[in-house]
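So you can see what is in the structure, the chains are spelled out below.
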Amino acid sequence: MELVSMAGILAKHFSLLEFESRSDVEYTKGQSIRDVVTKTDLEIHKIVGEFCAKEFPTALFLSEENSVQGNSMKCITESPSVIVVDPLDGTNNLVYGLQEYGFMGCLIREAKFIESLVLIPSENQVLTWNHTRGLRMSRDLPRLDLPSASTYLAYAPRLSSNYINTRLELMNLFDSSTAGVYRYGSACIGLFRTLLGIHSTFVGLQMRPWDVIPFIPILASMGASLAYSASIEEISVLISFDSHVFSRSKEIFASNGEEVFDFNLEKSLKVT
Amino acid sequence: MARALVIGAGAIGRGFLPWTFDNLDFDIFDTSKELCEGIEQQGGYHSFMSKNGELLERKFLPGRCTSNLSDLRLQEYDLAFVAVGPRNCYNLPLALSQLKCPVFSVENDPKSVEIISKAVESNNVYFGIPDVIASSTASPENLQRDKFALHTENGLLYLEEHPSISKKLRKYLPSISWVSKDEMKREWDAKLFLHNTPHCVAAYLGYLSKVNFLHEGFENVFIKHVVEGVIEELVLALKRNTNHNHIFLEGYAEKELGRFSDSFLYDPISRVAREPLRKLSSGGRLTGALTMCLLAGVNPINLNTGITSALNYLDPKDRDYESMLQVDKFGIANFLKYYLNISPKTIESKYIVSSFEDTKSFIRKGLQWN
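The listed protein sequences derive, respectively, from chains A and B. Residue 58 in my numbering is what sits at position 58 of the first sequence, and the numbering runs on without skipping anything. Every number in my numbering is 1000 more than the matching position in the second sequence, counting from 1.
Worth flagging that the hints you see were computed from the coordinates, not collected in a lab. Ideal Cβ placement from N, Cα and C applies to all residues, glycine included. A portion of the hints provided could be inaccurate.
[What the hints assert, rightly or not] No more than 30 Å apart at the CA atoms, straight line, and that leaves these computed lysine-lysine pairs for DSSO-like: (1) B/K1329 with A/K46; (2) B/K1168 with B/K1033; (3) A/K12 with B/K1317.
[Claimed, not checked] Which residues of chain A face chain B? A few of them, derived with a C-beta cut under 8 Å, are: (4) A11; (5) K74; (6) S122; (7) Q125; (8) G134; (9) L135; (10) S138.
[Claimed, not checked] Some, not all, of what chain A presents toward chain B, calculated at C-beta under 10 Å: (11) I9; (12) F51; (13) L119; (14) P121; (15) V126; (16) R139; (17) D140; (18) P142; (19) K267.
Turn these sequences into a full structure, and let the hints guide you.
This is the structure:
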């Protein structure tokens, strides 16, 4: 059984959003008003959890909605088998009535990517990546080659002082070297638009792994340059189709004291 | 003597186009090394043309038939044709940008002009319509004589008129119809909706009735009836939606059924039905035709029968096979949304979804399909 087998079930559940409101906030997590949870988050978490318990009984199930531990990256890099899921990335957008949200999930074995599944209702798109078959899109979308491509910059609500500096320097770089910085509340959509070529670069600072990890093999298979820095609980990523921006961004990460690893699909993920 | 390059040695490129090259030398480029070497080693290949109830035969000998572009002097051609299949246009070798001559896309999709222009970095790309049924294979006896043989209909080639096409070059190509952009639009509408749409409907129903060639499917009364119905629906929709001459549309429709049932063509169902996602996608020859009918107030019962049969096309050898398996898993409404970009809120989606199960039963009964 593969993760892709649940794409149809997820699509059916997302289609309920077309006909009824399932976007009322049930609660917020911790002290951050950004981290809202709706009925849809919980329902999709439950559907995926049940599917994984049945089809991948030995895999650790790491979802945004069940993560209470602060060592998720450690779990990902050290577990024999782990499924990482963000049931609904961009929940606040759903609450606001915006279309930028989606589902992301992946299967990792011994710190290597095996499979990824991304579903984006507003773009009518299902992306699947498999370590043997590669990337498949439900609808072929040619990658744009825009000279005016911009950068998507995502970051945690509370950055460490190192990363506050990194963010500032990166923003200066992106404003001078790309068509500007975008941020619209869903890393999933930012990553998808990086794949399409709307953004030439995606940077995520101190992200929770489910917000970004499932897209990593998808963009790697499209030829993006990837580098990351990870602690036991979070990951910062640098994904770019622009070699100049990529190398300059890496220098900025390093000059602020971060240990940066290059990524390709043959390599295992690791934490510092 | 002028010289042409044919890019893509499939049904159109190898089977049909050379019949229009009476006064041209031509070379063929195709990515299949085996095919190109085979044709060169045996000193050419045969193409058989169905014409007025007879099967004509010609042996063609391209100057070069190669899978290696460096074997060709690209700057020296007077004319080039791209016939590689619409999806393959994205992957044309950049070396083709060395072509200095006009390039004609004969890909059954006007959008291919832009795709080819980008791929080969040229502004000298134009649209052409090969109004022909060209098979990707031949009868068993002709294949025994020549494994690279193909069958084709006696079709017409329409090419877009443009000042960059010299009078001298036109003289070399007396059998080609050079038409203005406006006439091209008329010919394209007729080709797309009165030929391509019923042609693929016949193929999908033929697949469900488990035959291998299109003319075999036409022996089935149910298939013939549905295809005739599709043509009637589309003639009516075109009359209401366009300014095209009604006599032209009716004349075009009239000749279609005879073309599909031509037993000389040996047109494989798998060729005509291939890549159903492209044919079913929003604006394509099936759902685009559905939109046109619904806008024109035509109830497209037969066309919808064709669309439903296409949604049940499950050929494991087809490039879209894995996606087509998702029809059951996603449910029809979500399949239309995620795989064909047809939103559940559209009238097309509502029409297909609301009648899907009943139409399947109707086809099942008509074809004794299980």
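A quick look at each hint next to the structure:
Of the supplied pair hints, the one linking B/K1329 and A/K46 holds, its CA atoms being roughly 19 Å apart against a limit of 30 Å. In summary, the hint linking B/K1168 to B/K1033 is not supported, as the alpha carbons are separated by about 34 Å, beyond the 30 Å threshold. A C-alpha spacing of about 28 Å is found between A/K12 and B/K1317, which places the hinted pair at or below 30 Å, so the restraint holds. For A/A11, the shortest C-beta to C-beta distance to chain B is roughly 4 Å, which falls under 8 Å, so the interface hint holds.
Because the beta carbon of A/K74 sits about 35 Å from the nearest beta carbon in chain B, more than 8 Å, this interface hint is broken. Against a cut-off of 8 Å between C-beta atoms, the interface hint on A/S122 is violated, since the closest Cβ of chain B lies about 10 Å away. At about 7 Å, the closest approach between the beta carbon of A/Q125 and any beta carbon in chain B falls short of 8 Å, and the interface hint on this residue holds. Look at A/G134: its Cβ only gets to about 13 Å from chain B, farther than 8 Å, so that hint breaks.
Because the beta carbon of A/L135 sits about 13 Å from the nearest beta carbon in chain B, more than 8 Å, this interface hint is broken. The restraint placing A/S138 at the interface with chain B holds, with a minimum CB-CB distance near 5 Å, inside the 8 Å limit. Proximity of A/I9 to chain B holds as hinted, the smallest CB-CB distance being about 8 Å (cut-off 10 Å). Interface restraint check: A/F51 against chain B, minimum CB-CB distance 13 Å, threshold 10 Å, status violated.
Evaluation of the A/L119 hint against chain B yields a held restraint, the C-beta minimum of about 8 Å falling below 10 Å. Among the interface hints, the one on A/P121 holds; its C-beta lies about 8 Å from the nearest C-beta in chain B, closer than the 10 Å criterion. For A/V126, the suggested interface contact is upheld, since its CB lies about 5 Å from the closest CB of chain B, less than 10 Å. Interface hint at A/R139: satisfied, since its Cβ lies 6 Å from the closest Cβ of chain B, which is below the 10 Å cut-off.
The interface hint given for A/D140 is met, as the beta carbon of that residue sits about 7 Å from the closest beta carbon of chain B, less than 10 Å. For A/P142, the suggested interface contact is upheld, since its CB lies about 6 Å from the closest CB of chain B, less than 10 Å. A hinted interface residue such as A/K267 counts as satisfied when its beta carbon comes closer than 10 Å to some beta carbon of chain B; here the least separation is about 28 Å, so the hint is violated.
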